[in-house]
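Hints in hand, dock the two standalone chains.
Residue numbers (full-length UniProt numbering), protein chains in the order written: chain C, 1 to 296; chain U, 1 to 609.
Think of the hints as simulated: they come from the structure by calculation, not from any bench.
Worth double-checking, as some hints may not be accurate.
Cross-link-like lysine to any residue pairs, in silico, SDA-like; alpha carbons within 25 Å at most [what the hints assert, rightly or not]: (1) C/K290 <-> U/G254; (2) C/K196 <-> C/E161; (3) C/K198 <-> U/A489; (4) U/K142 <-> C/M244; (5) C/K86 <-> U/P338; (6) C/K196 <-> U/G311; (7) C/K198 <-> U/G254; (8) U/K142 <-> C/H256; (9) C/K86 <-> U/A489.
Beta-carbon label-pair distances, calculated as ranges [as the list claims (entries may be wrong)]: (10) C/L184 <-> U/G180: 47 to 57 Å; (11) C/E74 <-> U/T433: 35 to 45 Å; (12) C/E185 <-> U/E505: 55 to 65 Å; (13) C/T176 <-> U/R54: 18 to 28 Å; (14) U/E564 <-> C/G182: 34 to 44 Å; (15) C/Q134 <-> U/G254: 23 to 33 Å; (16) U/G26 <-> C/G182: 26 to 36 Å; (17) C/E279 <-> U/E467: 46 to 56 Å; (18) C/E185 <-> U/H269: 52 to 62 Å; (19) U/T433 <-> C/N220: 50 to 60 Å; (20) C/Q246 <-> U/E467: 51 to 61 Å.
For every residue, glycine included, the Cβ atom is placed at its ideal position computed from N, Cα and C.
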Amino acid sequence: MSTQIPKQTEESSETEAETQPASKGEERRAEKRRRAAERREQRQEEEAEKAAADDSTVELKVFRYDPQVEGKQEPRFDTFHVPFTKGMTVLDALMYARDTYDSSLTFRHSCRQAVCGSDAMFVNGGQKLACKTQISDLEEPIRVEPLPHAEVTKDLVVDMEHFYEQMEAVEPYFQTDEYPDGELEEQRQDRENREKIKMSTRCIWCGACMSSCNIAAGDNEYLGPAAINKAYRFAMDEREGEEMKQKRLEIIEQEHGVWRCQTQFSCTEVCPKDIPLTEHIQELKREAVKNNLKFW
Amino acid sequence: MHEHDVVVVGAGGAGLRAAIAAQEAGADVAMVSKLHPVRSHTGAAEGGINAALRDADSWQDHAYDTMKGSDYLGDAPAVEALCQESPEEVIRLEHWGMPFSREDDGRVSQRPFGGLSFPRTTYAGAETGHQMLHTMYEQVVKRGITVYDEWHVMDLAVTDEDDPAERTCHGVVAYDIQSGEISGFRASDGVILATGGMGQVFDHTTNAVANTGDGVAMAYRAGVPMEDMEFIQFHPTTLPSTGVLISEGVRGEGGILYNEDGERFMFEHGYANNDGELASRDVVSRAELTEVNEGRGIEDEYVHLDMRHLGEERILDRLENILHLAEDFEGADGLTEPMPVKPGQHYAMGGIETNEFGETVIDGLYAAGECACASVHGANRLGGNALPELIVFGKRAGRHAAGEEMGEAEIETGRSGNWQPADYEFGVEVGETGGSGAAAADGGAVVSDAESVVGGAVDRAQERVDELLSRKGRNHAEIRSAVQETMTANVNVFREEGRLEETLEDLREAREAYKDVAVSDPSRTFNTDLIHTIETRNILDLAEALTMGALAREEFRGAHWRKEHQERKDEDWLKHTLISWNDGEPELWYKPVVLEGENKTYEPKSRSY
Numbered sequence: 001m002s003t004q005i006p007k008q009t010e011e012s013s014e015t016e017a018e019t020q021p022a023s024k025g026e027e028r029r030a031e032k033r034r035r036a037a038e039r040r041e042q043r044q045e046e047e048a049e050k051a052a053a054d055d056s057t058v059e060l061k062v063f064r065y066d067p068q069v070e071g072k073q074e075p076r077f078d079t080f081h082v083p084f085t086k087g088m089t090v091l092d093a094l095m096y097a098r099d100t101y102d103s104s105l106t107f108r109h110s111c112r113q114a115v116c117g118s119d120a121m122f123v124n125g126g127q128k129l130a131c132k133t134q135i136s137d138l139e140e141p142i143r144v145e146p147l148p149h150a151e152v153t154k155d156l157v158v159d160m161e162h163f164y165e166q167m168e169a170v171e172p173y174f175q176t177d178e179y180p181d182g183e184l185e186e187q188r189q190d191r192e193n194r195e196k197i198k199m200s201t202r203c204i205w206c207g208a209c210m211s212s213c214n215i216a217a218g219d220n221e222y223l224g225p226a227a228i229n230k231a232y233r234f235a236m237d238e239r240e241g242e243e244m245k246q247k248r249l250e251i252i253e254q255e256h257g258v259w260r261c262q263t264q265f266s267c268t269e270v271c272p273k274d275i276p277l278t279e280h281i282q283e284l285k286r287e288a289v290k291n292n293l294k295f296w
Numbered sequence: 001m002h003e004h005d006v007v008v009v010g011a012g013g014a015g016l017r018a019a020i021a022a023q024e025a026g027a028d029v030a031m032v033s034k035l036h037p038v039r040s041h042t043g044a045a046e047g048g049i050n051a052a053l054r055d056a057d058s059w060q061d062h063a064y065d066t067m068k069g070s071d072y073l074g075d076a077p078a079v080e081a082l083c084q085e086s087p088e089e090v091i092r093l094e095h096w097g098m099p100f101s102r103e104d105d106g107r108v109s110q111r112p113f114g115g116l117s118f119p120r121t122t123y124a125g126a127e128t129g130h131q132m133l134h135t136m137y138e139q140v141v142k143r144g145i146t147v148y149d150e151w152h153v154m155d156l157a158v159t160d161e162d163d164p165a166e167r168t169c170h171g172v173v174a175y176d177i178q179s180g181e182i183s184g185f186r187a188s189d190g191v192i193l194a195t196g197g198m199g200q201v202f203d204h205t206t207n208a209v210a211n212t213g214d215g216v217a218m219a220y221r222a223g224v225p226m227e228d229m230e231f232i233q234f235h236p237t238t239l240p241s242t243g244v245l246i247s248e249g250v251r252g253e254g255g256i257l258y259n260e261d262g263e264r265f266m267f268e269h270g271y272a273n274n275d276g277e278l279a280s281r282d283v284v285s286r287a288e289l290t291e292v293n294e295g296r297g298i299e300d301e302y303v304h305l306d307m308r309h310l311g312e313e314r315i316l317d318r319l320e321n322i323l324h325l326a327e328d329f330e331g332a333d334g335l336t337e338p339m340p341v342k343p344g345q346h347y348a349m350g351g352i353e354t355n356e357f358g359e360t361v362i363d364g365l366y367a368a369g370e371c372a373c374a375s376v377h378g379a380n381r382l383g384g385n386a387l388p389e390l391i392v393f394g395k396r397a398g399r400h401a402a403g404e405e406m407g408e409a410e411i412e413t414g415r416s417g418n419w420q421p422a423d424y425e426f427g428v429e430v431g432e433t434g435g436s437g438a439a440a441a442d443g444g445a446v447v448s449d450a451e452s453v454v455g456g457a458v459d460r461a462q463e464r465v466d467e468l469l470s471r472k473g474r475n476h477a478e479i480r481s482a483v484q485e486t487m488t489a490n491v492n493v494f495r496e497e498g499r500l501e502e503t504l505e506d507l508r509e510a511r512e513a514y515k516d517v518a519v520s521d522p523s524r525t526f527n528t529d530l531i532h533t534i535e536t537r538n539i540l541d542l543a544e545a546l547t548m549g550a551l552a553r554e555e556f557r558g559a560h561w562r563k564e565h566q567e568r569k570d571e572d573w574l575k576h577t578l579i580s581w582n583d584g585e586p587e588l589w590y591k592p593v594v595l596e597g598e599n600k601t602y603e604p605k606s607r608s609y
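Just chain U, with the same shape it has in the complex (with noise of 0.2 Å):
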């Protein structure tokens, strides 16, 4: 058994940050991730990071921005330690050497992007993402971190008491992929979780292969309430062939959006008749989607994305990368011709439930970064906000496992306070199907030592693993395939209550067949049939949850759209949706927005861009 005072699981920008200031605040920290940390799915991030730098701008501006974007279901305290921070967090990675693009004095530059009332985006060409990942394992690498990499971590070991909330966590339990090795984790001070994404649950995304939501699942079934899982980002502009992402940037320096008639659609069909296409992404993705569906779309099926009169110079200065991927990816030159685009699943605004220092409700449990809902985005991410979130809350887990004094937060987790249940009915059955199962907690006697806990996980992992390298059965691609297809046509960017419960069927069917998984790689190394087998368990619990809070939700805030249910209604829905695991029979329960900042309430109002 390995032991350390501080395990990260995951090793992208919120790991890194976390890992970085664990170790600065005195722990013994490691890294366990499935990836080496280049490999990391941060470094595919392209527009920038928002801060608010310069005299004229300020964070109060940023918070606005930031909670009207999430339309009213941003939790305060988390939105307003966010714009607080990033503007050192920034700075740090300048001192830490990140190349960012220059001004002609020699200043970091920023720029405008969707949603923003300042141009506040600070970038690195447009591959910001890049830069801020190496920039920070570089770092890593400078202080010694212990990294396991290409270690995937297969399960939490968190003790069983019947409450979650008095649950602990005492580690992890990871399976060396080189050797197939599985080996328990001990953390003494705490695990935090930064595994970023979950675009795997749909089929056409921005997203990694390795992004399979695994650190949501693992928390889900551990007792950690998943938040606010319905509302999923579709990026208005990834290439329609292979999901690979456009920059907002190319918006952001004035690239144009027409339709089939050659109409700037933005302005004259009137989706947003001030902003036009720097719109916050939800606005802009359900335009384009608009376009194609009443037939204005090219071929049926994307719009063009023109940035040819920027002129050579200044897209090679700011966008070249953007140049590359259109062409190695869709075959066009930006330069002379406009690309195509369409929307796709991109990010997801909910999580891990966490309060703002990135604590769950199980004691010694962390989560940070896009795997987590603190929550910083609400219903709907700005973009240039998600970097940004990766190092302030990376920096504030790492430092409040590792110890150190932060104060009480403000932001509660579990049912505490004001919690309600929720009332709806799925005509469909959720949660376990019984037989082969990864429940964490059983019942039965509450071992609570620390050692029993991660061998008992330990030995659970090993049963698993044996048991589908042994047995004959599915093979896993075809369920998760068949997970994608059903969550990309029916819980989309548009959603119908009879298409949701269609999904919450497929889905059930999809679980029954898992059942029946088997692996027939035999082999103890490098066995990427057995990962994607227990990523593919991940991917079904995740997309439940996300479909059953899609269902139960029966209004239209931010990306969470409903054919039946056309506006928003706060008097109902000011609230985030939870979805408990409750060791196999998910309940669905709601807790109110906090949107008292320090000095001000955030009053909802109309959005408009």
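Chain C extracted, bound-state conformation (with noise of 0.2 Å):
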């Protein structure tokens, strides 16, 4: 079965529609206004049938909901065909699906390559990139939900402002006092030191990681992965210096900070960067720990 807009709604609409016109021209254009919805309504309905009639489709289950319109303020799923097709990822399937069964399905996506980290979702149970997981790897049908620990906006659409907050309470810029003399003058950087840092500068703040982690979902104080990888990147970058490597390592220790990390690694399997979370946080403990010993 294909799902289309709430019944109810669309009767509404319609008998807005009908009162409005008073010109003929106006009552004329309303006439054919109705026609091509009725045309392409049949035409949905039409690919619907053959597509769930077809082999070569894929199923998907996709969560919905809607605060403000009747019929999805109670959470559902609705169940999808979308004919497959060689290469389909699991947000190809999903603007199939809103531009030709339902314009109201909900979710975020932007570049379509993994790097704006716009489509981290829920799909048949682990978190993951809409655009970069293929639909030929998963078992149907498709669960698709939003992420889980956060609250639900609309359909896929969860609300990031909490995630936002935290990756802002490490200080995430860069910060030192000493630059080199000449203006045109590079900071050095050897090798090993960027590429110390590298995976932790790949985070594209798609919110999977905080999404997996039972304690961030416990404590909602708790920086979580996704920031204290963010203050790893600053703390082990040679080029802010000693006394701001001390700096960042008061900020992680805090209450809510790496010592609530009971390694489950849950965040480094669903990163999808790779980046190796799980290790920055245990490294940032061990650092606090030399850290500490120093000034004992």
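See below:
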């Protein structure tokens, strides 16, 4: 079965459209629009039927919720049948479903190439970036849900505010007092040090790690893997200098910082950019201990 | 109503840099973007940032390369500003902590790129844009600059004098995607458009789904001319199935292009006997499609890009991201096999007409980055010149808008100086179809006080949203895909008169269809159906202007190839194409290119690589 817009809203907007026309021209246009809409609905139904009957289609069960729209206020799952094409990703399938069957199907997406971090979602029970998850790698029916442990705004869209706040809580910007003398002179950084921070700089703020973390789920103030990784990126960057490193270690050692991590590796497992998040957290713990001993 | 000194629309590279510059110049700045800043498509840029950093290099050489690459349609004052200021801006990024790739001595690495006479492309692996975007957003966080993210700017608030040159921009009107609230943003010192590319005009593009050219379309309807819209860069190496970009860095590091017969066609078929794979992008894209059209393509569609001989160590060090992209989006392993590539829409050289400070003809309205046309890139952009444009012209626009004294501009905007009307008859009607348009200026009494101008824009936007949500009609998606199909089929790398005319007709039909467009999702919460429907209107305006410019320009220059006109005609065409909305009746006109630089004039030469 494919899903259409909830019946109730369709009926109500139809009556509105019928009561409005005044002039003959408007009536004619309204009639034309009505016929076009009928044709479109018919075509959608045909496509849906064809798709359901066809072996080469994929079945998706997609979470739906809208706080404002009648019929969607109670969360539900809608089923879509999408014709499979080689190389199709979960994002491709969602876009097809939206553009063909139901334009109200809502999800964030932009770059389609795993760098903007917009489309992290819960696919068959795991945090994934929809754009780099191949349909052919998944068991059917494919269950697509919003990221767990975040407030759902609508359908697959979650509120990211809390994630952004945690990211910004670790002073996520480069700080140093010592710059080279010449105006056109860069700071030197050896290749090893650049390599050391490389993986940590690949974070795309998708929120998959935070969503997968049990600790973050239970402790709303926990900085979470992404923010700690951001702190790691600066703490390990030798260009900032020793003094800043002290300050950075103090930030991540706070009550809801690195010591909350219980090394479950769930963040590392779901990270679409393969960042060794747990290792980074562990390394910061070690640095913090070393640092504290130094001042004992 | 929100009030700020400077409002920046868009939060990619140009927008972030503009906001930082305006704030440093003392302005209260707000950024308004339909995406959270880190989602911006600057993050997808891979290759690098050109900057003449080293003693053996010079900004003059960079400027010469850029002018030649532009096929002499760049304006020298803008080109020279880019090349003079890029080095200090790159070092500034480094001082902000950007993790550039490094040499053994700890200095920033540089690599060769197409069309460059010196290896001057600085980079961070093959993820330079991602690192640049995040580094600049970090600085915005540090400075506490206000960001309204997931607010879609629907229109500019501009006065409605008859002559666009007399109009003033007082702010913008934006739709809060989260709540459905429409709000005015008053900008007492200036609005800076930094809305990026327009790749969604085509269907095979490296651009993001969000790149719908909103800023260009808004400025156009408010009276700012669009400049050189026909010049679209088709990048030679995109993955065939998705359009995902494979960086020019692969060829810069030594990657080789082969056809089906295993020939290194760039040399063996004489497309670029000196530079081969590292010829300018327009040259390589045409070469690839010629190979395919003459039957030497693989699966009649693409060619191979081979980097295996570079060795695993070098690839992992400098191009690791390419391995991930080729594997995730094409199932190809770049370490053990050649990667399939074909040309794809990548970049718009044209856009909102500005001078070298980012000013448009409308007072208080600026543009910077890909949405703007100063013009730095002319008829063809060199690889590695887009990112420096973002930081150099973002900074310039930000400072100017915040009121810093920057001297007299040398590039003129609007119909001043030696402009000339076009005498080209389009066989098809263009422009507004009547009905549910969104014309900014509609005659009547001139309202000039800022509050009323912004208030009026808010009311019009509210009416439009209410109408789209309440009525019944067609879904925008089929209209958008019809536009993308005809543009990709006919306004591509190779262009013919008859097929361009066909596209203008298709676009006319699409405009007619758009009159009946409606949004079926009635929700005020995160209504992406509504946002996409509004974007599709912008796509229509841009596609039409692009095709008009392509039809009228009867020559072959840079990225613009015409079957009937196989040569560059400097006597007639050393001039920019401009298209004015003219309240719904688009007008085509021209203005001369500025080839006089600070100390020299760039004489057009034949362009070979």
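Quiz prompt | Pair hint outcome, U/K142 versus C/H256 [Cα-Cα no greater than 25 Å] | solution = holds, 22 Å
Quiz item: Taking 52 to 62 Å as the hint, is the beta-carbon distance of C/E185 and U/H269 inside that range?
Solution: violated, 46 Å
Exercise. Kindly confirm whether 23 to 33 Å is satisfied by the beta carbon distance between C/Q134 and U/G254.
Key: holds, 31 Å
Self-check item: Distance restraint hint 34 to 44 Å, applied to the beta-carbon atoms of U/E564 and C/G182
Solution: violated, 54 Å
Quiz item: Are the Cα positions of U/K142 and C/M244 separated by 25 Å at most?
Solution: Roughly 15 Å separates the two Cα atoms, so the pair holds.
Self-check item: C/L184 versus U/G180 beta-carbon gap, inside 47 to 57 Å or not
Solution: Taking Cβ atoms as reference, C/L184 and U/G180 lie about 49 Å apart, which means the hint holds.
Quiz item: Is the straight-line distance between the alpha-carbon of C/K196 and that of C/E161 25 Å or less?
Solution: violated, 30 Å
Quiz item: So does C/E74 sit 35 to 45 Å from U/T433, Cβ to Cβ?
Solution: holds, 42 Å
Practice problem: Take a quick look at whether C/K86 and U/P338 sit within 25 Å of each other, Cα to Cα. | Solution: holds, 20 Å
Practice problem: Given the range 18 to 28 Å, decide if the beta-carbon distance of C/T176 to U/R54 lies inside it. | Solution: The hint (18 to 28 Å, Cβ to Cβ) holds, given that C/T176 and U/R54 are roughly 24 Å apart.
Quiz item: Honestly, do C/E279 and U/E467 meet the 46 to 56 Å range at C-beta?
Solution: With a Cβ separation near 55 Å, C/E279 and U/E467 satisfy 46 to 56 Å, so the hint holds.
Practice problem: Compare the distance between the alpha carbons of C/K86 and U/A489 with 25 Å, and conclude whether the hinted pair is satisfied. | Solution: holds, 22 Å
Checked against the numbered hints given earlier, this structure breaks hints 1, 2, 3, 14 and 18; the rest are met.
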